[in-house]
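Colleague: Read off the chains here:
Protein chains: 2
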Amino acid sequence: MDRNYSSKVLAQAVHEISRLPGIGEKTALRLALHILKKDLTQAKALGNSIISLKENIKICKICNNISDSDFCSICTSNERDDTIICVVENTRDVMAVENTGQFFGHYHVLGGIISPMDGIGPADLSIDSLVERIEQNGIKEIIFALPTTMEGDTTNFYLYKKLTHTNTKISTLARGVAIGDDLEYTDEITLGRSLVNRIKFEQT
Amino acid sequence: MDRNYSSKVLAQAVHEISRLPGIGEKTALRLALHILKKDLTQAKALGNSIISLKENIKICKICNNISDSDFCSICTSNERDDTIICVVENTRDVMAVENTGQFFGHYHVLGGIISPMDGIGPADLSIDSLVERIEQNGIKEIIFALPTTMEGDTTNFYLYKKLTHTNTKISTLARGVAIGDDLEYTDEITLGRSLVNRIKFEQT
Chain A
263 MDRNYSSKVL
273 AQAVHEISRL
283 PGIGEKTALR
293 LALHILKKDL
303 TQAKALGNSI
313 ISLKENIKIC
323 KICNNISDSD
333 FCSICTSNER
343 DDTIICVVEN
353 TRDVMAVENT
363 GQFFGHYHVL
373 GGIISPMDGI
383 GPADLSIDSL
393 VERIEQNGIK
403 EIIFALPTTM
413 EGDTTNFYLY
423 KKLTHTNTKI
433 STLARGVAIG
443 DDLEYTDEIT
453 LGRSLVNRIK
463 FEQT
Chain B
263 MDRNYSSKVL
273 AQAVHEISRL
283 PGIGEKTALR
293 LALHILKKDL
303 TQAKALGNSI
313 ISLKENIKIC
323 KICNNISDSD
333 FCSICTSNER
343 DDTIICVVEN
353 TRDVMAVENT
363 GQFFGHYHVL
373 GGIISPMDGI
383 GPADLSIDSL
393 VERIEQNGIK
403 EIIFALPTTM
413 EGDTTNFYLY
423 KKLTHTNTKI
433 STLARGVAIG
443 DDLEYTDEIT
453 LGRSLVNRIK
463 FEQT
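Residue numbers (the numbering used here), protein chains in the order written: chain A, 263 to 466; chain B, 263 to 466.
No lab work stands behind these hints, which were simulated from the structure alone. It is possible that some hints are incorrect.
Where chains are identical, the list cannot tell them apart; a pair therefore holds if satisfied intra-copy or between any two copies.
[Stated by the list, open to error] In the DSS-like style, the derived pairs of lysine-lysine whose C-alpha atoms are separated by at most 25 angstroms in a straight line are:
no., residue 1, residue 2
1, Lys320, Lys462
2, Lys402, Lys300
3, Lys402, Lys323
4, Lys306, Lys320
5, Lys424, Lys300
6, Lys462, Lys299
7, Lys299, Lys323
8, Lys299, Lys320
9, Lys270, Lys423
10, Lys306, Lys288
11, Lys270, Lys288
12, Lys288, Lys300
13, Lys462, Lys288
14, Lys270, Lys306
15, Lys402, Lys423
16, Lys288, Lys402
17, Lys270, Lys424
18, Lys431, Lys306
19, Lys431, Lys299
20, Lys320, Lys288
21, Lys300, Lys320
What you are looking at is a predicted structure, and each value in this text was computed from that prediction instead of being measured.
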């Protein structure tokens, strides 16, 4: 710390806040001074909610998603289709799929994707528990909803090899021109794939 | 909250973090998931330092700056010149002046500047305590280091009227072309003032 903070408490708070990703020392100072202006209740709510994250959040023992208890609300729901599993990289992807309002099955959070560059191999991901789930329960379909990157494709392929013996239907998200996109700004690979995988025109 | 958080604890943390200025819900989620990945010690350090801001920080009873005790380290220092006071808007300006390494006197933090648009009048600022300090102690010079805005100029003028009876020397920061700036990109008012207030050339 090269700045002259007039208070060690302030310096400490700025130091801690600036350890967050994308937040530099200047922003951290701005945030700390903002908190100082608000009342104690609000500072306590913020501080305690951050500590509570680590103390009270659990990982669902079935799908590996973030949860308040040992089994998440999706896995324990009676209203969802338990014969279909959507495989995603992380919690944010569960939220993204949930926000579409188009999926009513269960999830499986891998906790990452295979990436030799980052030193992440199959053993670091919750792949064994996925295979177990598929082998034990009456799963009819698995949807791969992983990123459309080389790492995502590698993981898809690895999972496919691991799951093919279960004879479960395996599908993946459609790739194509995004809604609202101009063709001239769509990259060739995406446009090429959307031609190869063209679908029957239907009036909506 | 329109997103489907899988955990109420997570939703609560995201809600609290996104109340900070300049942090939206997506950034708050990114930060919360980052904290989740780190260990409990780090989450506690961050959370407690935020609460400590409100619980332990004090305002110096002399200069109004943020401090760990009733009197700040600058006001209680024996090594600083107590005959000169630099008047600034807030704590950040104290840091900015301190970082120049060119000022060794005392400070007075107004806690804002006169701004009728924001409903801030002289009574909201620590002006009376400044006048008292100057009247009581042997202050030889007061430096106005307020923003070069209309509000800053208004505050300068108000302070000048309040302090002129003390016969103390009153000065203000030099305004002129910033070091490293091109003349062609300097605004006319600044360039005009730097011509009027031109200084004797000295070889350095």
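Colleague: Which hints from the list above does the structure break, by number from lowest to highest?
Modeller: 1, 2, 5, 6, 9, 13, 16, 17, 18 and 19
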